[in-house]
Structures are given as C-alpha cells and as structure tokens.
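Take these sequences, add in the hints, and give me the full structure.
Respectively, the protein sequence lines represent chains G and D.
Position 113, counted from 1, in the first sequence is what this note's numbering calls 113; the numbers after and before it change by one each time, with no gaps.
Position 81, counted from 1, in the second sequence is what this note's numbering calls 81; the numbers after and before it change by one each time, with no gaps.
Hints listed in this document are in silico derivations from the structure and should not be mistaken for laboratory results.
For clarity, every value in this text was computed on a predicted model and none was experimentally measured.
Yeah, the Cβ is synthetic: ideal placement off N, Cα and C, and Gly gets one too.
Be aware that a few hints might be false.
What the hints assert, rightly or not - Pairs of lysine-lysine residues, derived as PhoX-like cross-links and limited to a Cα-Cα distance of at most 25 angstroms, are as follows: (1) G:Lys-94 x G:Lys-156; (2) D:Lys-136 x G:Lys-80; (3) D:Lys-136 x G:Lys-156; (4) G:Lys-94 x G:Lys-80.
To be verified - Selected chain D positions facing chain G (in silico; Cβ < 10 angstroms): (5) Leu-57; (6) Thr-70; (7) Leu-83; (8) Leu-91; (9) Ala-94; (10) Ala-95; (11) Tyr-96; (12) Gly-97; (13) Leu-199.
As the list claims (entries may be wrong) - Quick partial rundown of chain G residues pointing at chain D, CB under 7 angstroms, derived from the structure: (14) His-81; (15) Val-84; (16) Leu-88; (17) Cys-91; (18) Gly-92; (19) Tyr-93.
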Amino acid sequence: MAVRELRRSRIALILLLLIPTLFNLLIVLTTTDRPLAFKLASVSEETFLQVSERRESLIFIGGAAVGLLTSFLALSLIQKHAEVNRRLVLCGYKPWELIASKLAVLLCVVVLVACYAAAILRLFFQPERFALVVLGFILAGYVYGCYGLLVGSILKRELEGVLLIVLLANIDAGWLQNPIYYADAQNKMIIRRLPAYLPSQVSMVSAFTDHSIFNPLIGSVVYGSILLLGALLIYFWRMRIHR
Amino acid sequence: MIDDKHTIEALHVGKSFGRRGVLKDVTFGIRPGEIVGIAGENGAGKSTLLKILVGLLAPTAGEVRINGNTGYCPQEMLVFETLTVRENFRLFAAAYGLDQAKRAAPWEDAENELLERFRFQQYENTLVSHLSGGTKQKLNLSLALLHSPDVLILDEPYSGFDWETYLRFWEFAAELRSQGRSVLIVSHFVYDRSKFDALFELADGVLRCV
Numbered sequence: 001m002a003v004r005e006l007r008r009s010r011i012a013l014i015l016l017l018l019i020p021t022l023f024n025l026l027i028v029l030t031t032t033d034r035p036l037a038f039k040l041a042s043v044s045e046e047t048f049l050q051v052s053e054r055r056e057s058l059i060f061i062g063g064a065a066v067g068l069l070t071s072f073l074a075l076s077l078i079q080k081h082a083e084v085n086r087r088l089v090l091c092g093y094k095p096w097e098l099i100a101s102k103l104a105v106l107l108c109v110v111v112l113v114a115c116y117a118a119a120i121l122r123l124f125f126q127p128e129r130f131a132l133v134v135l136g137f138i139l140a141g142y143v144y145g146c147y148g149l150l151v152g153s154i155l156k157r158e159l160e161g162v163l164l165i166v167l168l169a170n171i172d173a174g175w176l177q178n179p180i181y182y183a184d185a186q187n188k189m190i191i192r193r194l195p196a197y198l199p200s201q202v203s204m205v206s207a208f209t210d211h212s213i214f215n216p217l218i219g220s221v222v223y224g225s226i227l228l229l230g231a232l233l234i235y236f237w238r239m240r241i242h243r
Numbered sequence: 001m002i003d004d005k006h007t008i009e010a011l012h013v014g015k016s017f018g019r020r021g022v023l024k025d026v027t028f029g030i031r032p033g034e035i036v037g038i039a040g041e042n043g044a045g046k047s048t049l050l051k052i053l054v055g056l057l058a059p060t061a062g063e064v065r066i067n068g069n070t071g072y073c074p075q076e077m078l079v080f081e082t083l084t085v086r087e088n089f090r091l092f093a094a095a096y097g098l099d100q101a102k103r104a105a106p107w108e109d110a111e112n113e114l115l116e117r118f119r120f121q122q123y124e125n126t127l128v129s130h131l132s133g134g135t136k137q138k139l140n141l142s143l144a145l146l147h148s149p150d151v152l153i154l155d156e157p158y159s160g161f162d163w164e165t166y167l168r169f170w171e172f173a174a175e176l177r178s179q180g181r182s183v184l185i186v187s188h189f190v191y192d193r194s195k196f197d198a199l200f201e202l203a204d205g206v207l208r209c210v
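Right, dumping it as structure tokens:
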C-alpha cells in the first residue's frame with residue numbers, strides 16, 4: 001500500500017532525485033578548490049585536516065540532503081491516512097503490520113537516496129573510503145527518518161510537523177554540522193547532541209581520513225533507534241482500540 | 001446486568017473531555033434483527049457514542065458489550081484517497097481476514113455485490129481522489145459491509161447519497177434485519193421514523209426514547 005502510494009506520487013519521486021542534484025549543483029557553482037583547514041569533532045583535537053572547500057561542502061550537503069528528504073518522507077508516511085489506518089486496525093489489522101510496511105518503504109528510500117547522493121558526489125571527487133561515506137549518508141537518512149516518524153506520531157497536523165522538521169534539519173544538518181562552522185563554534189556540546197552530528201562525522205571522517213568511524217557509527221544507530229522507539233510507542237498508543 | 005439477548009448493549013456510559021461532559025449515563029440495547037436510530041443535533045455527542053461503541057474511544061464511565069462481529073461506517077470518509085476503489089476493498093478484505101485461500105466464497109464476490117447494489121461498479125479501478133463525494137460515501141459504507149457483519153454501526157451513512165441510493169440503502173438495511181443482523185444508525189436528521197424499530201434522541205448527554 002505504502003509503496004503503491006509513493007509510486008503514484010510522481011512529483012515527490014522526482015523531487016527525491018532532483019533535490020540532491022540541485023544541492024550538489026549549487027555547491028559546485030558556489031565553491032572553489034581553495035584549501036580549508038579544520039578539526040573534525042570526533043577525531044582528536046590535535047588533528048587538523050586540509051581539504052578543498054568544494055569537497056568538504058559536497059560531503060556536508062550530501063548528508064544534509066538525505067536527512068532532509070527522508071525526514072519529510074517519514075513525516076508523510078506516518079501522518080497521512082493515520083485515521084484510515086486506525087479504521088483498518090479496528091477491522092482487524094495489527095498496528096505492527098501497518099507500521100512495518102511504512103518502515104520498509106522508508107528504509108528502501110533512505111538507501112536509494114543515499115546511494116544516489118553518493119553517486120553524484122563521485123562525479124566530482126573520489127573520497128578515501130567511498131562505501132563508508134555512503135554508509136554515513138544512510139545513517140543521516142536513518143536518524144532524520146526516525147526524527148520525522150517521531151514528529152509525525154506526536155503531531156496530527158502536517159503544517160506543525162513540517163515546521164518542526166524544517167526548523168531542526170535546517171539549523172542542524174544544513175548549517176551547524178558543517179565543520180567550517182562548528183570547528184570554531186563557542187559551544188560544541190550542543191552541536192554534538194544534535195541528530196545530524198554523528199552521521200555527518202561518519203561521512204566526513206571516511207571521506208578525508210583513515211580514522212575509525214566505529215563510535216559515530218554505533219552512536220548514529222543508537223540515536224536513531226531511540227527516536228524510533230519513541231515514535232513507535234506513541235504510534236501504538238494512538239492506534240490502540242478500547243475493547 | 002448485561003443481557004445475552006442483545007447484540008449491542010451500553011450500560012451507564014459516560015464520557016467527558018476534561019471538564020466538558022458529553023455523555024451522561026447512556027443506557028440502551030439492540031437485539032438481533034432490529035434497526036435502531038439515534039438522532040440528535042450537531043454536537044450532541046452522537047459520534048462520540050458510536051466511537052465508544054466500536055472501541056475508538058474509551059468511556060469515562062459505564063460499560064459496552066457487543067456480541068458478534070462489527071461493521072463500522074464512520075461519519076468522515078475514512079478511505080485511502082490515493083488508492084483505487086478495488087485496492088481499498090482489497091486492503092479491508094485483508095483486515096477482515098477475508099483473503100484467506102480456504103474461504104468458500106472469495107471476498108471479490110462480496111465486493112462485486114456491493115458495487116452492483118450501490119451502483120458504482122464503473123469506478124472499481126478509479127482512484128478515490130477522483131470520485132464524487134456521494135461515490136466516496138458509497139465506498140465508505142461498503143467497506144463496513146464487506147464482511148457481512150452481525151452488527152452494523154453507521155454514523156450518518158446516507159449523507160451525500162442521491163434519492164435512489166438512499167432508497168437502495170434502506171432496502172439493504174431491511175434485508176439485514178430479515179437476516180437477524182442488528183443495525184444502529186446515527187443521524188442528525190431522521191427522514192422516516194417508520195423504518196426504525198426503535199428511535200432515540202441524544203440531547204444534553206442523555207438518551208431518550210422518541
């Protein structure tokens with residue numbers, strides 16, 4: 001059902017591919033290959049990297065694009081037809097069957113969009129560990145997808161959900177996680193608690209160094225899973241039948 | 001005491017939203033083969049009562065018992081707008097467990113019968129978002145009837161129907177009555193009292209026999 005609905009939303013499908021393309025195009029058109037020096041937050045404080053502005057920005061924007069898109073998709077998946085889904089539960093469907101189909105669709109889209117964003121990236125440069133950069137993008141989609149599910153399970157109306165997603169995703173994935181900004185930020189502790197921090201570290205560290213990504217990888221999975229757990233608890237509470 | 005002869009029984013049901021009391025001590029029962037109506041002004045709490053009966057809301061006080069499987073047609077169009085009519089039927093058939101291979105009669109037979117009865121078979125493969133309000137309401141109602149329920153609970157079921165479909169609806173309701181099924185219809189406006197075996201009015205949170 002969720003797959004059929006998504007397939008029929010042709011404009012949404014086009015945007016899922018068009019937005020990462022546009023984001024990357026903007027980066028290519030607005031940056032240069034001038035070298036930038038910055039510290040990666042999850043690597044030691046003494047390690048300075050020197051990479052081109054364009055390459056750093058392409059990695060940063062790839063994760064941001066995947067995170068933004070999947071959070072909106074997750075919001076739509078869980079909010080749209082919520083009352084019809086409850087009618088289905090009343091008729092005999094199990095809530096977990098309904099949510100499982102939505103999660104499967106979300107996971108597939110996260111992987112596809114992450115791979116597509118990474119494929120565009122490859123047109124412009126070859127990261128040191130490309131597969132792990134893709135993994136970082138997937139984790140950005142996972143964490144922000146789970147955030148979208150949580151927002152959608154709490155709020156019934158679309159506008160409030162969109163505003164909450166735009167508010168956080170823009171400031172977090174679209175700004176604060178850029179190493180150019182956070183390397184000199186006053187309060188890094190706040191930046192490190194935001195959803196896009198760990199996935200963006202996986203991508204950045206993998207793209208430019210050979211340091212271990214174990215901690216941000218596990219952290220991303222745990223962060224996303226906590227959001228997912230919250231979303232599922234609220235979803236099942238909303239879907240309950242009083243008999 | 002709950003009476004085993006009733007298919008639907010509500011005993012001293014109350015419902016409050018915060019300090020606002022919507023239902024106060026509502027008690028009634030419906031027997032097999034009865035068509036019962038509940039009328040009342042907009043905002044009287046009719047839909048709230050139905051939601052409590054089917055289990056979408058918990059009562060603040062009292063008890064509800066339903067014997068048999070239930071079909072519920074909500075007042076709102078709770079159908080999938082981005083799916084076709086047939087895809088909606090398929091989903092609800094799966095929800096009711098009608099898609100099991102071992103069943104004697106496939107769910108498609110029941111679907112075709114409803115499409116024909118309410119005359120919207122030509123829209124079987126049309127997206128619901130492309131249908132008129134009246135046809136959507138036919139689908140909304142048909143989804144509640146697909147599994148031949150023992151107890152039908154209908155919230156404003158004929159709003160948006162043309163006169164012919166309205167008459168067909170009552171023909172169908174009479175058939176259900178003759179089969180021993182119970183039908184509870186809630187409407188803000190009752191056209192023909194003679195069609196009901198019992199009629200109640202909900203006002204000030206209390207149910208009165210009319």
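Results for each hint:
At roughly 21 angstroms between alpha-carbon atoms, Lys-94 of chain G and Lys-156 of chain G fall within 25 angstroms of each other, so this suggested pair holds. About 18 angstroms separates the Cα atoms of Lys-136 of chain D and Lys-80 of chain G, which keeps this hinted pair within 25 angstroms; it holds. Between Lys-136 of chain D and Lys-156 of chain G the alpha-carbon distance is near 23 angstroms, which keeps this suggested pair within the 25 angstroms criterion. Between Lys-94 of chain G and Lys-80 of chain G, the direct Cα distance comes to roughly 18 angstroms. Compliance with the 25 angstroms bound is thereby established for this hinted pair.
Evaluation of the Leu-57 of chain D hint against chain G yields a held restraint, the C-beta minimum of about 7 angstroms falling below 10 angstroms. Below 10 angstroms, beta-carbon pairs count as interface contacts, and Thr-70 of chain D has one with chain G at about 8 angstroms; its hint therefore holds. Because the smallest distance between the Cβ of Leu-83 of chain D and any Cβ of chain G comes to about 7 angstroms, under 10 angstroms, the interface hint for this residue holds. Of the supplied interface hints, the one on Leu-91 of chain D holds, with its beta-carbon coming within about 6 angstroms of a beta-carbon of chain G, less than 10 angstroms.
For Ala-94 of chain D, the interface hint holds, since its Cβ comes within 10 angstroms of a Cβ in chain G; the closest pair sits about 7 angstroms apart. Because the beta carbon of Ala-95 of chain D sits about 4 angstroms from the nearest beta carbon in chain G, less than 10 angstroms, this interface hint is met. The restraint placing Tyr-96 of chain D at the interface with chain G holds, with a minimum CB-CB distance near 5 angstroms, inside the 10 angstroms limit. Given the 10 angstroms rule on beta carbons, the hint for Gly-97 of chain D holds: about 6 angstroms separates it from the nearest Cβ of chain G.
Of the supplied interface hints, the one on Leu-199 of chain D is violated, with its beta-carbon coming no nearer than about 26 angstroms to a beta-carbon of chain G, more than 10 angstroms. About 6 angstroms separates the beta-carbon of His-81 of chain G from the nearest beta-carbon of chain D, less than 7 angstroms, and the hint is met. Hint on Val-84 of chain G holds. Least Cβ distance to chain D is approximately 5 angstroms, under the 7 angstroms limit. A least Cβ separation of about 5 angstroms between Leu-88 of chain G and chain D falls short of the 7 angstroms threshold, and the interface hint therefore holds.
Because the smallest distance between the Cβ of Cys-91 of chain G and any Cβ of chain D comes to about 4 angstroms, under 7 angstroms, the interface hint for this residue holds. Checking Gly-92 of chain G against chain D: minimum C-beta separation of about 5 angstroms stays under 7 angstroms; hint holds. A hinted interface residue such as Tyr-93 of chain G counts as satisfied when its beta carbon comes closer than 7 angstroms to some beta carbon of chain D; here the least separation is about 4 angstroms, so the hint holds.
Figure legend: structure checked against the earlier numbered hints; the only hint not met is number 13.
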